[in-house]
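If you want the building blocks of each chain, they are given just below.
Protein chains: 2
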Amino acid sequence: MTDPAELLRAEAAALDAADPLAASVDAFAEAPGIRAYLDGNSLGRPLRALPDRMAAFVRDDWGTRLIRSWDEQWMELPMRLGDRIADVALGAAPGQTVVADSTSVVLYKLMRAAVAARPGRDEIVLQSGDFPTDRFVAEGVAAETGVTLRWIEPDAVAGVTVADVAAVVCDRTALVALSHVDYRSGALADVPAITAAVHEAGALALWDLCHSVGVVPVRLDAWGVDLAVGCTYKYLNGGPGSPAFGYVRTGVQPEIRQPIQGWWSAADIFAMGPAYAPATGIRQLLSGTPPVLSMLGMQGMLDLIAAAGIDAVRAKSVSLTDFAVRAYDAVLAPLGVRLLSPREAARRGGHVTIGHPSFREVTARLWERGVVPDFRFPDGIRLGLSPLSTTHAETLAGVLAVRDELG
Amino acid sequence: MTDPAELLRAEAAALDAADPLAASVDAFAEAPGIRAYLDGNSLGRPLRALPDRMAAFVRDDWGTRLIRSWDEQWMELPMRLGDRIADVALGAAPGQTVVADSTSVVLYKLMRAAVAARPGRDEIVLQSGDFPTDRFVAEGVAAETGVTLRWIEPDAVAGVTVADVAAVVCDRTALVALSHVDYRSGALADVPAITAAVHEAGALALWDLCHSVGVVPVRLDAWGVDLAVGCTYKYLNGGPGSPAFGYVRTGVQPEIRQPIQGWWSAADIFAMGPAYAPATGIRQLLSGTPPVLSMLGMQGMLDLIAAAGIDAVRAKSVSLTDFAVRAYDAVLAPLGVRLLSPREAARRGGHVTIGHPSFREVTARLWERGVVPDFRFPDGIRLGLSPLSTTHAETLAGVLAVRDELG
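Going down the list, the protein sequences come from chains A and B.
Under the numbering used here, the first residue of the first sequence carries the number 644, and numbering increases by one thereafter.
Under the numbering used here, the first residue of the second sequence carries the number 644, and numbering increases by one thereafter.
Think of the hints as simulated: they come from the structure by calculation, not from any bench.
Possibly wrong hints are sitting among the right ones.
What the hints assert, rightly or not - For the chain B half of the interface with chain A, some residues (derived, Cβ under 8 Å), not all of them:
1. Ala692
2. Asp695
3. Gly882
Said to hold, decoys possible - Computed footprint of chain B on chain A, listed as stretches where at least three residues anywhere in the stretch have a Cβ under 8 Å from a Cβ of chain B:
4. 648-662
5. 702-709
6. 885-898
7. 1009-1023
Ideal placement from N, C-alpha and C gives every residue a C-beta, glycine not left out.
Go ahead and model the full structure; you've got the sequences and the hints to work with.
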């Protein structure tokens, strides 16, 4: 009987040979000692061109143009980069997206603004398994505004469904805040259908796109989403802690007033007048000076995604995750490893999660061997397969390394 | 009669020759085309070593260690870097300072926390000429918490005095929020005396150190300051939009609870449990993932300040601003330019402000000539003299260039 690993190696080689985006792997910086990087869903890799670009930025844009660069380019950067993300990855027209703060801070601003925009309504709907910061920030907003959190308890693998949401939204609902891709299972929510159910109840829909932006096509304008937030250091490869983006649909911008009214959200930043007047438009979502150096890394990645096209990126993502599931079936399921993600590609984002009681220790040993997935409490390993930087062979190397550690 | 410029040139040369910190100027990156950079109070220059350091960071810490760097170094970076700033420039013991967010967001957190920590008190005291973001954020906090803003109207050049503060604080005062160095005039507030007056009234004292940290010695612990916020891209040379720092005195930490309770402020970040529990200690001031790339620039500058010693930095700063005032007296006062900063060095921070109705246009022409101060509405030019990167000769070149534009 043939070793299943041999068949999988042959399949990986064939898939990589046929991959129309195979060349993009060379666009990323070499990572000496790394045999398989499977955590692109947590921290995307830097582009090969970035070290020189950063060095040139420090010497020229900062070091030589100095303060003049604010007038020449940086004042508009949060809006310009927001529009670029909107165009490449969000399906959103210009003027609705800014890059600012962290995901947690933007979530706070949008949740506060949404509650204020629906006076007389006193509930925020969330799901109990959502990413901690979404839940924790909402807890704080609820405590200070007096609204109640209403929790959906979805199936841990399948994620939130439109039926889950329709069963709880009502005329008390101010806001429904959910994630497009579940950070644990990778389950993909049906954003347009859920958003329609939210609107049916007269509430606002806030989508957390942290685990979908750059890997799953998003159509914010077509889907009628009101508010969104997302992360730029995962599939947009912005580097550790690169700032978040926030989206407010043009039609709801007049209703939205966020609470942290720093000078960058003022109608005229340099008027420095006696009283605050908010900017019109999406700039009102800003607060303080944006971290420009942390906004450089994502720019080359956005160019790369734009050149490939987000639908081609998704096709590669599906190919990688489908292959990971087949490899799991062949070599990990027999060892008692559980599949914690949906089997059907159409219901899954860019990562596949597997579970085993030994995975905390296994992850530590894998990291030492240059195989880098991430561990999620209590016993999950997430295989985060960033399509432009990951091959099927690398995916298989990761799965086989897990097998070796269990064997 | 000797040209006053000749005498000033001789004086500048003598002062530079005798400057014990003269060698530090070479630690900064060259700036081709710049004849005088006088805006270190707005955006400090990068160190010469930084482009290579940034490039190495992208290749190694991010690109090769990848997600492992979170465990190895970045999780503790906001606290470690906060403690470093505290040690080098704030006169504060460890465990009270973090690097996070923007100044505006940290101001919001601290103002909200202070109001909540003084229940039954319903006023925040501010001064009418403070930096816009301080005033605007306070306006927002007042509107949402129901407190009233009580405005001090200080002399525009002399700045806020202890008498100004003592006259308004009372048993209704929850918080007094002021700047150590006035962003317009450069006036230096008497922090220990004002803080004592604030405490006498039972209120909390929040100091904005944006225009003093790294150039004026600060002794937060000795002065009994409760809360502080500051900027790292001015005299700490962190680069455009590098994150702010926040300080909460150990003794008041148990009273302080900030509203943006993201996962980084949770007791156990990776427990990802069902409900939020705040961290104890200063980490509770965090919210989301910090912008690591924007936290690199300041590290070399902190080393440089530590090597020089903050008192020596202040001595050089006083020498530069005193010389700027003498040069003003000799060549600009006769042309009708007004001095908008205190004359006495002991009452002045690191910049000198001068005024003339033509300064908006003059500044634009100076920038084209490679002389870069900044303009402040309505008609001020600020000469921001960052001590470690600026010579007396460069200061004089700036003053003479202003004279030439007016002549």
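A quick look at each hint next to the structure:
| no. | hint | in the structure |
| --- | --- | --- |
| 1 | Ala692 | violated (10 Å) |
| 2 | Asp695 | holds (7 Å) |
| 3 | Gly882 | holds (5 Å) |
| 4 | 648-662 | violated (count 0) |
| 5 | 702-709 | holds (count 5) |
| 6 | 885-898 | holds (count 3) |
| 7 | 1009-1023 | holds (count 5) |
The structure does not agree with the numbered hints 1 and 4 stated previously, though it agrees with the rest.
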